[in-house]
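Participant: Read off the chains here:
Protein chains: 2
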Amino acid sequence: MNDGSSSRIAAGLRKWIATAVPGARLPSTRELVAQYGASPVTVQNALRTLTVQGLIETHPGVGTFIRAVRTARPADYGWQTAALRSPRTRIQSVSTALRSTPNDVIALHAGYPDRELLPGRLIRSALTRAARADAALTRPPAAGLPELQSWFADELGAVTPAGVTPPTPSDVIILPGSQSGLSSVFRALAGTGQPLLMESPTYWGAILAAQQAGVLVVPVPTGPAGPDPDELARAFRETAARLFYAQPNYANPTGTQWPTALHGQVLEVVREHGAFLVEDDWAHDFGITSTPTPVAAHDDRGHVVYLRSLTKSVSPAIRVAAVIARGPARERILADRGAESMYVSSLLQTAALDIVTQPAWRTHLRGLHQQLGTRRDLLATALQEHAPRADIDHVPAGGLNLWVRLPDGTDVHQLAYDCEKAGLIIAPGTEWFPAEPTGPFVRLNYAGPNPAAFPAGARILGQALAHQPA
Amino acid sequence: MNDGSSSRIAAGLRKWIATAVPGARLPSTRELVAQYGASPVTVQNALRTLTVQGLIETHPGVGTFIRAVRTARPADYGWQTAALRSPRTRIQSVSTALRSTPNDVIALHAGYPDRELLPGRLIRSALTRAARADAALTRPPAAGLPELQSWFADELGAVTPAGVTPPTPSDVIILPGSQSGLSSVFRALAGTGQPLLMESPTYWGAILAAQQAGVLVVPVPTGPAGPDPDELARAFRETAARLFYAQPNYANPTGTQWPTALHGQVLEVVREHGAFLVEDDWAHDFGITSTPTPVAAHDDRGHVVYLRSLTKSVSPAIRVAAVIARGPARERILADRGAESMYVSSLLQTAALDIVTQPAWRTHLRGLHQQLGTRRDLLATALQEHAPRADIDHVPAGGLNLWVRLPDGTDVHQLAYDCEKAGLIIAPGTEWFPAEPTGPFVRLNYAGPNPAAFPAGARILGQALAHQPA
Numbered sequence: 012m013n014d015g016s017s018s019r020i021a022a023g024l025r026k027w028i029a030t031a032v033p034g035a036r037l038p039s040t041r042e043l044v045a046q047y048g049a050s051p052v053t054v055q056n057a058l059r060t061l062t063v064q065g066l067i068e069t070h071p072g073v074g075t076f077i078r079a080v081r082t083a084r085p086a087d088y089g090w091q092t093a094a095l096r097s098p099r100t101r102i103q104s105v106s107t108a109l110r111s112t113p114n115d116v117i118a119l120h121a122g123y124p125d126r127e128l129l130p131g132r133l134i135r136s137a138l139t140r141a142a143r144a145d146a147a148l149t150r151p152p153a154a155g156l157p158e159l160q161s162w163f164a165d166e167l168g169a170v171t172p173a174g175v176t177p178p179t180p181s182d183v184i185i186l187p188g189s190q191s192g193l194s195s196v197f198r199a200l201a202g203t204g205q206p207l208l209m210e211s212p213t214y215w216g217a218i219l220a221a222q223q224a225g226v227l228v229v230p231v232p233t234g235p236a237g238p239d240p241d242e243l244a245r246a247f248r249e250t251a252a253r254l255f256y257a258q259p260n261y262a263n264p265t266g267t268q269w270p271t272a273l274h275g276q277v278l279e280v281v282r283e284h285g286a287f288l289v290e291d292d293w294a295h296d297f298g299i300t301s302t303p304t305p306v307a308a309h310d311d312r313g314h315v316v317y318l319r320s321l322t323k324s325v326s327p328a329i330r331v332a333a334v335i336a337r338g339p340a341r342e343r344i345l346a347d348r349g350a351e352s353m354y355v356s357s358l359l360q361t362a363a364l365d366i367v368t369q370p371a372w373r374t375h376l377r378g379l380h381q382q383l384g385t386r387r388d389l390l391a392t393a394l395q396e397h398a399p400r401a402d403i404d405h406v407p408a409g410g411l412n413l414w415v416r417l418p419d420g421t422d423v424h425q426l427a428y429d430c431e432k433a434g435l436i437i438a439p440g441t442e443w444f445p446a447e448p449t450g451p452f453v454r455l456n457y458a459g460p461n462p463a464a465f466p467a468g469a470r471i472l473g474q475a476l477a478h479q480p481a
Numbered sequence: 012m013n014d015g016s017s018s019r020i021a022a023g024l025r026k027w028i029a030t031a032v033p034g035a036r037l038p039s040t041r042e043l044v045a046q047y048g049a050s051p052v053t054v055q056n057a058l059r060t061l062t063v064q065g066l067i068e069t070h071p072g073v074g075t076f077i078r079a080v081r082t083a084r085p086a087d088y089g090w091q092t093a094a095l096r097s098p099r100t101r102i103q104s105v106s107t108a109l110r111s112t113p114n115d116v117i118a119l120h121a122g123y124p125d126r127e128l129l130p131g132r133l134i135r136s137a138l139t140r141a142a143r144a145d146a147a148l149t150r151p152p153a154a155g156l157p158e159l160q161s162w163f164a165d166e167l168g169a170v171t172p173a174g175v176t177p178p179t180p181s182d183v184i185i186l187p188g189s190q191s192g193l194s195s196v197f198r199a200l201a202g203t204g205q206p207l208l209m210e211s212p213t214y215w216g217a218i219l220a221a222q223q224a225g226v227l228v229v230p231v232p233t234g235p236a237g238p239d240p241d242e243l244a245r246a247f248r249e250t251a252a253r254l255f256y257a258q259p260n261y262a263n264p265t266g267t268q269w270p271t272a273l274h275g276q277v278l279e280v281v282r283e284h285g286a287f288l289v290e291d292d293w294a295h296d297f298g299i300t301s302t303p304t305p306v307a308a309h310d311d312r313g314h315v316v317y318l319r320s321l322t323k324s325v326s327p328a329i330r331v332a333a334v335i336a337r338g339p340a341r342e343r344i345l346a347d348r349g350a351e352s353m354y355v356s357s358l359l360q361t362a363a364l365d366i367v368t369q370p371a372w373r374t375h376l377r378g379l380h381q382q383l384g385t386r387r388d389l390l391a392t393a394l395q396e397h398a399p400r401a402d403i404d405h406v407p408a409g410g411l412n413l414w415v416r417l418p419d420g421t422d423v424h425q426l427a428y429d430c431e432k433a434g435l436i437i438a439p440g441t442e443w444f445p446a447e448p449t450g451p452f453v454r455l456n457y458a459g460p461n462p463a464a465f466p467a468g469a470r471i472l473g474q475a476l477a478h479q480p481a
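Just so you know, the protein sequences line up as chains A and B, in that order. Residue numbering for the first sequence follows this note's numbering, beginning at 12 and increasing consecutively. Residue numbering for the second sequence follows this note's numbering, beginning at 12 and increasing consecutively.
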């Protein structure tokens, strides 16, 4: 028995094993004897070594195979640190609003309405119809299905005053959700290193998209009456920005709806500075005691880039939104969308159009507005009763959230931690500020699951506040 | 009758009309009389003026309304030219491969397989099931549905040799199509101004994504045997690039499949330079006479970023793909995806998983491979017979395309124009070169509609070539 020869065979087989697939069968002992010019005993010794090393296993009467069980090596990706360097912009981690909810907690943190507020039957029947249609197998034009473009153009056109030219279907670009629209608009109309004015506080997803686009965020303070036009004009002058991102209707997180007079004032400032207003009409379907009128309805000179999403009001599974823009701006945005994702699933577009053109959609929206009102009032009342130190900035006329100011000195992250231990998830307000928060806030979503638990949730918040060192 | 007063009323009403909605009813004559302190005749005169100007219309016995017919003004968006400046990178217009096809032409230009090559019944039944499932109303985790992550990880794991640690489900990020993956990978792992090595010719969508990301494209020549590893090493040295984009299996457009030995050689070069190989396995389901083995199967040190799409083989309406990456690179890509689109529709993810886990999917793929082979041979034979001056570089072992070299001096754009006039759409090869084309090429897709027309299409191409001035 030649030991050297046995280890030579083992080494040869190890090499072969390293490139073969687990479960592959080894050559028979007879073949190995021939291949290596060794005795059967030497071959058997080599196989025994490999068996002990966990690389192969023998099934008597069947054969010898590479073991499927793999030995996990500790991974070392250190080389990537050099290859990747520091990121150009450090994108913050995912927001509290995207956290999924365990079953046994009270959830006031979410960014989406509960599924019981969605038009479930409409969605399922529209999707079933779309599954049978051409839409299941075809590719739509890059800017979207023409019928859906028309629907979005008509919706805005219907509230456009007589003296203003309404948008045409070709001004509309269909998006796979409005987050994609924010990314494209910030990239295409501002770009790396360019300034972007944003209301503050504002939607965390917009802050995230701005970070990704590498733009320079310039916060413009907003309150229950919206941003101050003089402050806005000053920000435009100081920064030479060409872009202002805002949510004139039921802003997330504050719930603010701009007074009608402010629409014209902001448009005037934007026009004077040869700039764009990026109007995020995310809550268009969530009016409670007022109706949202887009600022975009008053502009036909391409100053307003209008974002309208169906994701939150229809279903998170039907990610369809639109951006309405005119002139070269629209071309820039479309080119960016083309490079980013080429087109939006025709199945989702067809289902979305089906849903919003059903008479039952109007009925659903009326019921939704009522339910949102009931839920809003229930949460506001519960807070007044059980958490009197939580101050509701103002009760919003629409949207999904209460924006709540806490006593000065409150540590909101400690508070969120204390609440969670007691079974309540809330979203610290810090995530909605592009710079330092101006005070301790939390955002409470009244559109989440199980409104019957709102009083219990308010009680937890009240107790947690009472135990704050402040 | 005081004319001055009449025009004052008209001016007041014009102002109101400019902000009101078309179809809105004007106050009654009696109300206007009271409001303006004028006589009924003066009010009537004012209304007549506005009627003549086309702003209002009176329906006798009903009332006076703002006219719904709008006078379109010629739009002037000139101010945007100053606001937008020149684009940072000029993104090229949409590729020929995305053009839709009129009914009565022979189409060899498309980038997608014809719908008769898709698993129609599987798709429709999976979508119908998904429409009834939770997936129709819920939001999935940012990285994707865990079951679908597992499927992608298992697929690659099944061909990973025994000595290599296979990917885990958490290495997988689900994408809304692989175009989005290319954009994110180029942005996250290279970024503005950084070099990116690419095979040349290569997929036009990857060139587009690179332009959008603002990276510096460095072409590395490839041929029927794939890229030369020495040339690749030289490009890494000269540019200090950290990223090489390639399609080792059935490259688009050339159809090249790298020889097995090249896998290890390229990996070696990539490792030596502390770099990433971005492996676009777009044609994984389109093998004809060979099986595609990903280079990624041989890497467990995070050097290969692996892109695998289901869009082309399942359905363009089910835009689902995955990127498999390990280490910090995976975190960078996930952060970019979060900022870009947050998540992929759970409906599409659920349907995709349903389809690829049906036994009928395997059966479909076997039939598809046969059909692709038949179509490939039919087109190749037709070209040899009817367009002998069109030289098929090499008959590919998989994929959807023939890459055809034309006689030197051929004007491919003139040729494409001549063919289109005669009823044949072809894609000029220029779109697949990140720099100047190295010769006159066209890409002919044999997976498009109506293969019975291939001989007629080849005849048109042959005649157009015969009439070229060369």
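The hints are simulated quantities; they were obtained by calculation from the structure and are not laboratory data. Do not take every clue at face value.
[Unchecked claim] Listing some non-contacts, in silico: residues in chain B with all C-beta distances to chain A over 10 Å: (1) T30; (2) H70; (3) T203; (4) T250.
[As the list claims (entries may be wrong)] If you anchor each label on the Cβ, the simulated ranges turn out as follows: (5) E249/A - P152/B: 40 to 48 Å; (6) S18/B - T250/A: 39 to 47 Å; (7) E342/A - A251/B: 33 to 41 Å; (8) A29/B - E242/A: 23 to 31 Å.
Each residue gets a CB set at the ideal place from its N, CA and C atoms; glycine is no exception.
Participant: Does T250/B sit more than 10 Å from chain A, CB to CB?
Facilitator: The claim holds: T250/B sits with its nearest Cβ about 14 Å from chain A, beyond 10 Å.
Participant: Find the nearest Cβ of chain A to the Cβ of T30/B and say whether that gap is larger than 10 Å.
Facilitator: Incorrect as stated: the minimum Cβ-Cβ distance to chain A is 5 Å, not above 10 Å.
Participant: Is the claim that H70/B lies outside the interface with chain A correct, judged by CB distances over 10 Å?
Facilitator: 16 Å, holds
Participant: Is it true that S18/B and T250/A lie within 39 to 47 Å of each other by Cβ?
Facilitator: Given about 44 Å between the Cβ atoms, the range holds.
Participant: With respect to the beta-carbon atoms only, verify the hint that E342/A and A251/B lie 33 to 41 Å apart.
Facilitator: 35 Å, holds
Participant: Does 23 to 31 Å hold as the CB distance between A29/B and E242/A, or does it fail?
Facilitator: With Cβ atoms ~27 Å apart, the hint holds.
Participant: Using the Cβ atoms, figure out if E249/A sits within 40 to 48 Å of P152/B.
Facilitator: For P152/B against E249/A, whose Cβ atoms are near 41 Å apart, the range 40 to 48 Å holds.
Participant: With d taken as the least Cβ-Cβ distance between T203/B and chain A, does d exceed 10 Å?
Facilitator: Given that some Cβ of chain A is not farther than 10 Å from that of T203/B, nearest at about 6 Å, it is violated.
The structure fails hints 1 and 3 (numbered hints given earlier, in ascending order).
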